[in-house]
Each structure stands twice: as C-alpha cells, then as structure tokens.
Amino acid sequence: MLDINIIRQKPEWVKEQVARRNDTAPIEAIVAGDNRRREILQEVEQLRRQRNEASKQIGRWLGSLKKLTTDLQRAEAGQDVGQPVAGLRTQVMAMQANADQAKEETGQLGDRIDALTEELRQVEAELRQNMLWVPNIPHPTTPTGPDESHNVHHDPQGAAIPRFDFTPKPHWELGPQLGMIDFERGVKISGSRFYLLRGWGSRLQRALIQFMLDFHGNQHGYTEMYPPFIVRAQNFEAAGQLPKFFDNIYRDAEEDFMLLGTAEIALTNVHRDEILDEAALPIQYVAYTPCFRREKMSAGKDVRGIKRGHQFDKVEMYQFVHPDKSYETLEQMKQHAVDICEALGFPYRLVELATGDISYAAAKTYDIEIWAAGCGEWLEVSSISNCEDFQARRANVKFRPADGGKIQFVHTLNASGLALPRVMIGLIENNQQADGSIIVPEVLRPYLGGAELIK
RNA sequence: GGAGGGAUGGCCGAGUGGACGAUGGCAACGGUCUUGAAAACCGUAGUGGGUGCAAGCUCACCGGGGGUUCGAAUCCCUCUCCCUCCGCCA
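Position in the first sequence counted from 1, then plus 1, gives you our numbering.
Read the hints as simulated data drawn from the structure, not as lab findings. Keep in mind that the hints are not guaranteed to be accurate.
With a straight-line Cα cutoff of 27 Å, these simulated DSSO-like cross-link-like pairs (lysine-lysine) come out [to be verified]:
no.: 1; residue 1: K68; residue 2: K57
no.: 2; residue 1: K68; residue 2: K104
no.: 3; residue 1: K335; residue 2: K399
no.: 4; residue 1: K456; residue 2: K189
no.: 5; residue 1: K456; residue 2: K11
no.: 6; residue 1: K57; residue 2: K67
Throw the hints in and build the complete structure from the sequences for me.
Written as structure tokens, this is what we have:
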C-alpha cells in the first residue's frame, strides 16, 4: 500500500512510476475517492458533533426531570419540598416536552448521519480496493524496462563454470538413474509438475534445508521460525500477493485458508498490527516452508525436471528494519544468499531486476542465479527484495523511535536463502562424475552421515 | 463435536445506559530530594482520521461486524480468538 498522501500530492508522478513497471493503477479513481471521502467525513463529523452535544443536553434534562418528578410526588403526598405542586407540575411538563422534542430532532440528525455513514463506507471500501491495486513505487536505481529482457546481468562469480570430459547429464536423467527422483510415481500421485524425492534425493534436500537454517542462524543472526503453512487471506493481502495473484494461490474450498506460496507471506504478518520499539530493530527471521503455487501464469513453461513444481521447499530470510537502513540491509541480505552459493561451490551471477520484472510489493530486487551444467542454464535460486514500507503499511507494522519522535512504518525485506529444487539441480548436475555418481559438497557431509559420494 | 466462562490502554484490572478515551495499580518518561542510586513525593503520557502554518479544534476507536437508543465499553444478535470441563483423535 502506498501512502495516500503521495497520490494526493503527486498523482501524475505516481502514474509515471507505475508506468515504469509496465503496469497500470486506478489513480484517478483514487484521487476522486479520496476527495469525496474527505468531503463526506467533514459533513458527517459535523453532524456527529451536533448529535453528541444534543445527547448530552438530553441527558442533563432527563436527570433534572427525574429529580423534579420525585419532588412532585413528595409534594403531592403532602411533604414540603420548598415549591408548590402546581409550579412543579408545570416544570415537569415543560422539561418533558423539551426532552421529547430534542429526541425527535436528534433522531432526525441520526438518520442523516446513518445515510452519510453508509455512503462513506462505500466510498472508503472502493478507495481501499483501488489502493490495493497500486503496486509499489520502484526505487530510482531499479533499471527501467517493461520486462525481464531489461534485467541487468552481472558477470559470473564464485566457483568456475565446471568443465567435463564427458557430456554432463541433466538432473532429470541423473536423478531417476540414482534413485533420487521418481517423476512417474510423483505424477501418479498428484499429476503433472509433481515429483517424488526418494532415498538420497530426499536426504540431500533435508540436509540442504538444515544446513541453510543453521548457516543463517549462526553466521547471519537470524532467528529460526516455523510458521503455519496454511494462512488466512488477510496475510496474502498484507504481503501484496492479493488481490492481484488470486489465481496462483491454492485455497481451501470451505474456509478462509490459503496455502503459502512463500514463507514471506507468513513472516510479513508475524508483527501485524504491532508498534515495535526501535531498539528491537532489525528483526531477522529465517524459516523453512514448503511453497505451493498453481503456476497458472507459467502454464507450459519449465515442465521438465524439478525446476518448477506446484510444491517446492524454500528457506526464506525476512527482516523488519529502520527505514534509514533498508538499502544497506538489502545489500547484506544479498550477501547472505551469496554466502550459501559460495559455501556450496556454485558458479553464480547477480541480476538486477528491471522495473517490469520486480514483484508487486518490491521497490528493488536482486536475483541470484546459479549455473546448472546438465541443462546448461542459469537458474534463479534467490530473489532479494526491499519492499520499503509497502508491506508494512498493509500489515500495519510500525516502530516507536527511541528519541520520542513520531511513530512510523518499518521497512521490510525478504530474500530466498535459497530455493531448494534449483539448488538440488545445481548440485546434481555440477557435481556429477563420468560414472553418474555425485560428489557431496563438504559443508553438507555432516548432515548426511559423512557421505562424500552419492551413487 | 457438547457445555460453560471470557476478550477494556504497554501490562494488570475497575467500570453493566448519560460529563467515560475510560477510576486504580504496575511498568515508562520528566522533575524534587540525594555525593550517586534506591525509596518517597509531584508531574507527563493511547492509536488513527479530518481540519489548521501552528497552538488547537473535532470525529472515531473498550476483540471484529451488525442492531436497539436522543445517547452504548455497558443491552441484543453474530463472527473470531482465548480459557475450563466432557467426548473424540494424530
């Protein structure tokens, strides 16, 4: 969610920024709705103020009325209350008439308030819906371009691209050959884009998950989290996945539950509706979760192997930081992801995503791609984004400055650390030997009972 | 799944139709006292919206939504969540 003030003050500029992303947003409707909202608000608040005052007056009258009535009853019973019965009777009747008339008038005020409130509710609901359809403003340093072809690829780093004196096989041949991946039976169970990891395949993935969690926890200061994998729609909205990506989400037919497409969605909401102390920042979380995606938008793409499935595992880093620190943090998180690539011995390269390719909630995103020798491709294993205050606004996560300054929104960042299937592909394909066996990277051996070779 | 009890400010906890944005306590912050600290005492303090250069004024918010009423933290309906007991189950 953007700050409505930015749209109010610079609608044309916002439109340009959205256009940079090759996207559109209902800016005109938002400006109109915002104006209408304030108009109604002022009117309805004025009326409410009148009603509040009138109600208080009625309360006072009814209080006096009660006392006078008591006096009247006592006077009628012959007690001396300091006033004659007739005078009291007149006062009681006058007071009652005042109160009745005021009730009548204030009731009419109430009717107008109700009507205006109803309109206000509609205007606000529509305004909010429109606001949800405005993507984040890209950072000035995000390369401008309508699609991924404008992404900026940096030179390869890390390990050298492996050379073989035989033709390296793709993982979809090596995996089944080594009994690590069973495509046929995965499809039998759940259909296309599903597979079964088996034996070393399953163990290798588990080892990787554990290694990554340990590494980020111990080396980079992240607190490990285990979130629910099934969450309410509200969480998706806060993270910026809804309303736009409804079609890509697996949903429960009966209840308001959705399956995570990434741990980022759950982690964004850990501190929803909280005001954090500045001293608590940065908050760093790392979580392993499976990720479920319909992949409707990628129909027919990457159907071979385990590169793109409806279910995959990922270790995700997430941070809540001070707004002044978020770009510094972005670089650090990029490094945290790179460190895993280094530790596993991958050739990798950095990609700066263009405005047309960054995710809806992001202002700036880096991708990290590793080289996979068998399929001969650079595979995206990590995406590192600074969402600035976009998600924080939707999730309502703020902090109280230590110097007593105004409460403000935190910035949030997310980074894959890393996505498992593609790491598996890289390991299998890059570390293969002529006899089809696979060398296990040293850092993983402690997690695999010391095994050096998969064969 | 059945029965009952709850949800109030950072925390605890009063308040059951009218001056209540809400008594009180704790924690926090500022001050007095002290060589310093503690204790004691005095004082300040919620969030969001609208408007205004500002001071301010004003509206809303007592788990969410709806209703009754001139007026709702308070009454009614409903949803969510928490607790207790029973049943069932990995």
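With the threshold set at 27 Å, check whether the alpha-carbon distance from K456 to K189 stays at or below it.
holds (26 Å)
Can you confirm whether the C-alpha distance between K57 and K67 stays at or below 27 Å?
This hinted pair holds, its Cα atoms lying about 15 Å apart.
Please verify whether K68 and K57 have alpha carbons no more than 27 Å apart.
holds (17 Å)
If you draw a straight line from the CA of K68 to the CA of K104, is it 27 Å or shorter?
holds (19 Å)
Taking only the CA atoms, is the gap from K335 to K399 under or equal to 27 Å?
Holds, at about 24 Å.
Are the Cα positions of K456 and K11 separated by 27 Å at most?
Outside the cut-off at roughly 62 Å; violated.
Checked against the numbered hints above, the structure violates only hint 5.
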